[in-house]
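**Q** We have chain A; now place chain B onto it with these hints.
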Amino acid sequence: MGVAVVKLSDTTLGRVMRRPKGVIAGTWLILVVFVAVFAPYLTPYEYDIQDLPNAFRAPDAAHWLGTDEFGRDMLTRIMYGARTSLSVSTIAIGISVFCGMCLGAASGYFGGRFDRAVTAVIDLTWSFPEILVALILVAIIGPGVTGAMVAIGVAYLALFTRLTRSQIMAIKSETFVEASLSLGASHGHILMRHLLPNALAPVIVAAMLATGDAIILEATLGFFGLGAQPPTPSWGGLMSSGTAHMFKAPWIIIIPGVAVAVTVFAINLFGDALIHALDVRARVRES
Amino acid sequence: MLGYFIRRVLVLIPVFLAVSAVIFSIIHLIPGDPIDNLLKIGAGPEQREIMTARYGLDKPLVVQYWIWLSGVLQGDLGTAIVARRPVADLIAQALPHSLALGLCALAFSTFFGIVLGTIAALTRDRWPDQLIMTVVLLGSTVPGFWLGLLLILVFSVWLGMFPVSGARDWSAMVLPVLTVGLGGTALVARVTRVAMVEAGQRDFLMLLHAKGMRPARIQLRHVLRHALIPVVTILSLRIGWILGGAVTVEVVFARPGLGTLLIKSLNQHDYPVVQACLLILAMAVMLGTLAGDLIQAAMDPRVRAAL
Numbered sequence: 001m002g003v004a005v006v007k008l009s010d011t012t013l014g015r016v017m018r019r020p021k022g023v024i025a026g027t028w029l030i031l032v033v034f035v036a037v038f039a040p041y042l043t044p045y046e047y048d049i050q051d052l053p054n055a056f057r058a059p060d061a062a063h064w065l066g067t068d069e070f071g072r073d074m075l076t077r078i079m080y081g082a083r084t085s086l087s088v089s090t091i092a093i094g095i096s097v098f099c100g101m102c103l104g105a106a107s108g109y110f111g112g113r114f115d116r117a118v119t120a121v122i123d124l125t126w127s128f129p130e131i132l133v134a135l136i137l138v139a140i141i142g143p144g145v146t147g148a149m150v151a152i153g154v155a156y157l158a159l160f161t162r163l164t165r166s167q168i169m170a171i172k173s174e175t176f177v178e179a180s181l182s183l184g185a186s187h188g189h190i191l192m193r194h195l196l197p198n199a200l201a202p203v204i205v206a207a208m209l210a211t212g213d214a215i216i217l218e219a220t221l222g223f224f225g226l227g228a229q230p231p232t233p234s235w236g237g238l239m240s241s242g243t244a245h246m247f248k249a250p251w252i253i254i255i256p257g258v259a260v261a262v263t264v265f266a267i268n269l270f271g272d273a274l275i276h277a278l279d280v281r282a283r284v285r286e287s
Numbered sequence: 001m002l003g004y005f006i007r008r009v010l011v012l013i014p015v016f017l018a019v020s021a022v023i024f025s026i027i028h029l030i031p032g033d034p035i036d037n038l039l040k041i042g043a044g045p046e047q048r049e050i051m052t053a054r055y056g057l058d059k060p061l062v063v064q065y066w067i068w069l070s071g072v073l074q075g076d077l078g079t080a081i082v083a084r085r086p087v088a089d090l091i092a093q094a095l096p097h098s099l100a101l102g103l104c105a106l107a108f109s110t111f112f113g114i115v116l117g118t119i120a121a122l123t124r125d126r127w128p129d130q131l132i133m134t135v136v137l138l139g140s141t142v143p144g145f146w147l148g149l150l151l152i153l154v155f156s157v158w159l160g161m162f163p164v165s166g167a168r169d170w171s172a173m174v175l176p177v178l179t180v181g182l183g184g185t186a187l188v189a190r191v192t193r194v195a196m197v198e199a200g201q202r203d204f205l206m207l208l209h210a211k212g213m214r215p216a217r218i219q220l221r222h223v224l225r226h227a228l229i230p231v232v233t234i235l236s237l238r239i240g241w242i243l244g245g246a247v248t249v250e251v252v253f254a255r256p257g258l259g260t261l262l263i264k265s266l267n268q269h270d271y272p273v274v275q276a277c278l279l280i281l282a283m284a285v286m287l288g289t290l291a292g293d294l295i296q297a298a299m300d301p302r303v304r305a306a307l
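Just so you know, the protein sequences line up as chains A and B, in that order. Residues in the first sequence are numbered consecutively from 1, following the UniProt record's numbering. Residues in the second sequence are numbered consecutively from 1, following the UniProt record's numbering.
Excised from the complex, chain A in its bound form (with noise of 0.2 Å):
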């Protein structure tokens, strides 16, 4: 227990799925990402394809989630639109992980004026909220998919940055580093071998859990008109052009709102066994 060495391997995929938690949130997620994957083999409609005489249908045998304000079935769009937040959101998690571990790494093990340097902007940046950062880079860099992915893997590097910083800094001053490099070796290897794996169990439950955030950053950018244009669907484009018809067509914003809730409420509860799983609680919540 503690602060030991934990290897990603099966046993604590095994520990993760042994709790109700992990298997019904584990289920959900696998789920989600099978219907995005092959959305097209799933349903016999199309995202795009406008079907005005069945607009707003309530849901029923032939449109089970009902259709939008085009005849456009909603359970179609959701699938396809599953496929542009979880991937806007995952992607832009990676940008910031990577990102963020290399900043950090670099800061912690290295100190000095450049872990100043870095500690003083990830410090201005943090107590800003990261719906506005990504909002303003939205605007910088403009609206669309790879705007979002951007602005959103901008908004959390601060929280990479921090913890992989406070991970290094913990034990880089442990006596098996200064061993190995009195055996010669170099920086690189000593990160690489020996600080970074042994920082990477917090970073992945966190990461895990920013990815749920993530989808509420993209739903909320998407429900700006700032996220994927149409009519490429995504489940916070569907909440805003269903604003429009709230009082006809309800089922329109509530449908996604439920996905993208369900689904971080997933991420969220398989993080949580994660958690446990991996017994970093403490090192989680020390950034």
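Hint data in this document are derived by calculation from the structure and do not stem from the laboratory. Since the model is a prediction, treat every value here as computed from it, not as a measurement. Idealized CB from N, CA, C, for every residue including glycine. It is possible that some hints are incorrect.
Claimed, not checked - Interface residues of chain B toward chain A, partial, derived using beta-carbon atoms under 8 Å:
| # | residue |
| --- | --- |
| 1 | Leu-17 |
| 2 | Val-19 |
| 3 | Ile-26 |
| 4 | Phe-145 |
| 5 | Trp-146 |
What the hints assert, rightly or not - With beta-carbon atoms standing in for the labels, derived distance ranges:
| # | chain 1 | residue 1 | chain 2 | residue 2 | range |
| --- | --- | --- | --- | --- | --- |
| 6 | A | Ile-171 | B | Leu-103 | 34 to 44 Å |
| 7 | A | Gly-144 | B | Arg-54 | 32 to 42 Å |
| 8 | B | Arg-54 | A | Ala-117 | 35 to 45 Å |
**A** Same frame as chain A, now just chain B:
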């Protein structure tokens, strides 16, 4: 304590300069020219030059920053390019609405968060705890703007209890406060629960038990007081987060606040207004952190002793 206060305020000066420089330079990276919105169709390059010179956009960036900053320090936030009014006027109109929403939401989340977190900690791992923590988790996984829309649908459209939008009287405040506050409640409840559980394991509690103090009194007078320190820290660090939530929620409820102003001017490329909005939000974040630090020092004798 006074020395600490002065030191903390002095530290804010370089931070303020850094933040203002960042805000100023970021805004000028945004593509699109506000002059485009002002020129009449068919206007020639001469007119563009005249307009650009009138708003000082032809000077070097550093000079523009200096003019802007010295104006800001004198309370002059410039003139809105699209709205053609002093930015200070626009801010003065919007700020009270945002402040009212933010403070009410903050009070709401602090109160209910601490109450729910305490109940959860006292019934740890039993059903009230599990129920509260599940609801709280659900509350933080719902996008704020969507929750707002849902509340409008249920309470304004179906039940007709509150107005759909606007900011005429107190009844228009209820749904926005609820929307912003629920997210904050989730955060505060989670931190309170963890802090209470941790504080409940301290050694000095055994002494209180041994002295025969009633358990309820121990929990409320001693454990809760210990637990409130991290709660105050998180609250002060996340004041910006609550304000950020307010930005999106204001747009949903069409409240004439800072968030609505920011989004509108962002779309119109109205630099001076965007800068002013961001600067005000950043200052709110800084002042929130400062207030949190001071409250912490006032609450915790150990922090005071370390000063």
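**Q** Evaluate each hint against the coordinates.
**A** Outcome of the hint check:
| no. | hint | result |
| --- | --- | --- |
| 1 | Leu-17 | 11 Å, violated |
| 2 | Val-19 | 7 Å, holds |
| 3 | Ile-26 | 6 Å, holds |
| 4 | Phe-145 | 5 Å, holds |
| 5 | Trp-146 | 4 Å, holds |
| 6 | A:Ile-171 <-> B:Leu-103: 34 to 44 Å | 43 Å, holds |
| 7 | A:Gly-144 <-> B:Arg-54: 32 to 42 Å | 33 Å, holds |
| 8 | B:Arg-54 <-> A:Ala-117: 35 to 45 Å | 38 Å, holds |
When held up to the earlier numbered hints, the structure conflicts with hint 1 and nothing else.
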